[in-house]
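> Chains as they are written, first to last, in my numbering: chain A, -7 to 370; chain B, 9 to 173; chain C, 550 to 651; chain D, 420 to 776.
Source of the hints: derived by calculation from the structure; they are not laboratory data. Don't take every hint at face value.
[Claimed, not checked] To list a few chain B residues with every Cβ distance to chain C over 12 Å, as calculated:
#1 THR67
#2 PHE72
#3 ASP73
#4 GLU109
#5 GLU118
#6 GLU132
#7 ASN144
#8 THR147
#9 GLN161
#10 GLU166
[Stated by the list, open to error] If we take Cβ atoms under 8 Å as the criterion, some of the chain A residues that face chain C in the derived model are:
#11 ASP71
#12 ALA72
#13 LEU219
#14 SER227
#15 ASP229
#16 VAL279
#17 PRO283
#18 PRO284
#19 ASP287
[Stated by the list, open to error] Below, simulated DSS-like cross-link-like pairs (lysine-lysine); rule was C-alpha separation at most 27 Å, straight line:
#20 C:LYS634 - D:LYS657
#21 D:LYS657 - B:LYS126
#22 A:LYS265 - D:LYS521
For each residue, glycine too, the CB sits at the ideal point set by N, CA and C.
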Amino acid sequence: MRNSTEAVVIGGGSIGCSVAYNLARMGVEDVVLVEKSFLASGATGRCAAGVRQQWGTRENCLVAKRSIELLEDLPDELDAELDFRQSGYLLVASNEDEKSQLEKNMELQNKLGIPSKELSMTEVGGLVPHLNVEQAKGACFCHEDGHLDPFKTTFGYARAAERLGVEINTNTEVIDINYENGIESVVTDEGTISTELVVNATGPQAKFIGQMLGLEHPVEPERHQILITEPLEHSLDPMIISFQHNSYIQQVPHGGFIMGYGNPNEPHYLNYKHDWQFLESMANKAVQQLPPLEDVRVLRQWAGHYGISPDGQPILGEVPGYKGYYLACGCGKGFMLAPAIGEGVAKLITGEEPSIPIERMNIERFKTGELINEPAVV
Amino acid sequence: MTEEKTEIERSLTDDLLPSVERRKEGPYALCECHQRIPCNPCLTSCPTGAVSLDSINDTPEVDFDKCAGCKQCVSACPGLACFVIDETYSTDSALVTIPYEFLPLPEEGETVNGLDRKGNFVKEVTVKNIDSFSDNGKTKVITVIVPQEAVHQIRNIEIREENHG
Amino acid sequence: MRINNHPILDQKKEEEEEITFTFEGKELKGFKGETVAAALIANGVRVFRRSTKDNRPRGLFCAIGNCSSCLMKVDGESNVRTCMKRLEEGMEVQRQEGEGEI
Amino acid sequence: MLTTEIVVIGGGPAGMNSALAAASQGAEVTLLDRNWELGGQLVKQTHKFFGSENQFAGERGIDIAEILSERVHDNSRITVRKNSSVLGIYHDGVLTFEQDDKYKKLTSRQTVVATGAAEKFLSFTNNDLPGVYGAGAVQTLMNQQGVLPGKNVLIIGAGNIGLIVAYQLLQAGVSVEAIIEALPEIGGYEVHRDKIKRMGVPILTSHSIKKAYGEERVEGAIIGEIDSSWSFIDGTKKDFKADVICLAVGLSPLIDLLHPLGLEISYVPNLGGLAPKRDEYLETTISGYFVAGDCAGVEEASSAMMEGNIAGLSAANSIGYKKSFQEKFRNNRDELRKLREGETAKEVRAGLGEVRL
């Protein structure tokens, strides 16, 4: 492992690997990435593999939109198959409140150039014949949203970064950060790396890195549980988001139906346990929405985390007063935002003009109270 | 091929065979079991206490003074490695008793092919009798009459197709 | 091909009930309670399904429900592990093309 | 929700002995097995077993299955649930399973996992052709279902399983073309090898399979000799006509059910793969979860039975059924130690050193 470098990226998930790759691409030649377990072992590898632009705040919409733009060419750029499939996201409202929120969000999305549109129940039936629309009051669809493989994407970024000279160290845990008028070094269980620049891309675990600098980052792990079924012939195109059921369901390219939800009211801590209560209630939610799933067998279930911020928005950029210490946390949807966050944070570091409104997403907002609450999280 | 050499050596070392005098006295058991595996039915099945094993992983040792050639071990050995030899049958022929778990079975008096330890044809031999002891009679204990010179060679038989269609 | 004579195993088949089932619409005989996979192999069927990716033939592999090589459509239900499913009179067994249908 | 004091998952030699041992101490046991008859791999073993009287030495696997299964069924403290596939084991002590297509839940105070092992696979061209079988499948077809897998068979692997399956195929009247083994020496017991050799079956050591061929099913295989770096040696290619290729290339412990609990495991090639760490009572690093048999590390059925006893006794002991526990535990432990003393158990002994807490 190098003992001195220009920049250390902490976290080998999708955002960390994207940041490392983008830094190298923009000319920061000497980058070291450290990951305490294996690549995509945390939130990324446990997520539901969706990418959507249908958010309720300008910032989330723009970051997601930039990600989709980047994803168009990303497989070529990284020379990797990423299983990016734009089969859409269908957001279903079950009451008038949800419906009016969807409409409000859609207005904002359309203004920002995101081609989401309202669908009639007949159109929904045509799009997802299996969907039970009895309870549905309205639905919103964006055909550009869809699926992306978390492992292939993370490894795609990582391998491309390595080709550009980035050193990736897995099974390497950060135990301290030395700071004195600026970052001095990162201490790991495999040795110390001198550096003046650190990017914290540890998602739901971001606060633990912050604590090493005496900081309290407002990022809490919210457990989500997910299950996947046996693979079946393709029969469901979009990701189905239900606010009523607080759940997401999609059929991945491999054929399995992946679905899950989190309970925002349970205590926030890193809890990788999964439970049978989830299995039962998710099965119920799924069959209520897509009745033919009744006979489908479940293969596996697991738990992962959203790194949730008080306003549901990413926290990006340099921490004021801590020179050289950057945050790159997606806060609940990090995987789908990883392309734009990686690019944005790298541009900020290298002094280029970011393509996303990154200054609005600085951690400073929690001090000044300028929160930008996201209403469309599931 | 070293493996084959070891095999033959292991199966026919002189110290495995009884003394020349004992061989002239009547049937005796040969346990062709030369590897330390955890197993002991040869010992537990022997009615005369002729087989000894210091520990379950030892290879069996036969006390030929006690062995009566009763064939119980032939039937009991899970490795099908026990045989009974009777070199006193007649001047030019001897008896070899083997375990047999195949169908069809030969009949008493039938001519079958005598095979060696590698399944090679040695000589035609005659089935003298077919016994069964333990195990609901599923492992047959077949005694064949073999030429004296092939007594330490023949360890298996093969049914001749012409006898069984 | 069934084993009719075995030096160790008892011959159970005589007491068992011979039944009819269909494979790809063709009538075949089997024994009640044996696995669907065993009945097919006994009737000389080797190809149970075709793979999704390259349409390759797949047959029985593990026979104890560990792998997914023997998945077939049985009485309209996809992805049935035929090595664990027991044969019944009149069962309709079909080759599965690719992943099963919902 | 169903309840029991001790749940045993898997009704093979280890699981049945666990259930019997725990019940003999007075515990109330539920035994779950995914098959429709108890016995695990025993039900397809037509050969006689090694070991001593305590492990039914000299009896055939099929008969041992029957004896143990009868004892289990006759024991009023044991509830047997067949056709029951366990779906998951959860942190709160709940276990979910599917019995006859019905979803059920069970809570227990102690759990013994005796799920056995899975067969390893081998990489070669066309290894997915119908007619490539695991050795277990060949045994299941022949010895449990009474169906012949084919007419002529090529066996890959000369460990005990490969040798035994060869013998069983010959008994069923199937022709065994050859057994090939990648190592320079046969891995199985010499007595098993000798049985096969007497039948005239060639055993080719330092050989491996290059490819299977055939249109819609296996019609034959190309094999060749390999050097010490596992590369094929030029000019050693052989073509075997066969309609079955039987893979007997080893087993790996099946501990998928335990994984999500986060227990400590180690990769131990001598035990077949990922094996759970455990103390001398066979309790894993998650309190209340015991392992026994092949899922704890691949060995012989005789040691699986002894481990089953130990796990069953220990599980019962930890919830208060302590009747002469130390004495019974020591007897079983000593017996197990003896079984593992021989030269054939050298690798197992080394492997166990890596997982013992």
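> Take the hints in turn and mark each one as holding or not.
Do the hints match the structure? See the list:
1. THR67: With a cut-off of 12 Å, THR67 of chain B remains clear of chain C, as the shortest Cβ separation is near 27 Å.
2. PHE72: Correct as stated: the minimum Cβ-Cβ distance to chain C is 31 Å, above 12 Å.
3. ASP73: Given that every Cβ of chain C is farther than 12 Å from that of ASP73 of chain B, nearest at about 35 Å, it holds.
4. GLU109: Answer for GLU109 of chain B: violated, closest chain C Cβ roughly 5 Å.
5. GLU118: holds (17 Å)
6. GLU132: Nearest chain C Cβ is 23 Å from GLU132 of chain B, so the label holds.
7. ASN144: Check fails; 9 Å does not lie beyond 12 Å.
8. THR147: violated (9 Å)
9. GLN161: holds (25 Å)
10. GLU166: holds (15 Å)
11. ASP71: violated (22 Å)
12. ALA72: With Cβ-Cβ at 19 Å, over 8 Å, it is violated.
13. LEU219: violated (16 Å)
14. SER227: holds (5 Å)
15. ASP229: Cβ of ASP229 of chain A sits 13 Å from chain C, so the hint is violated.
16. VAL279: violated (12 Å)
17. PRO283: violated (10 Å)
18. PRO284: Cβ of PRO284 of chain A sits 5 Å from chain C, so the hint holds.
19. ASP287: holds (7 Å)
20. C:LYS634 - D:LYS657: violated (39 Å)
21. D:LYS657 - B:LYS126: Given that 27 Å is the threshold and the Cα spacing comes to 21 Å, the pair holds.
22. A:LYS265 - D:LYS521: Holds, because 25 Å separates the two Cα atoms, which is no more than 27 Å.
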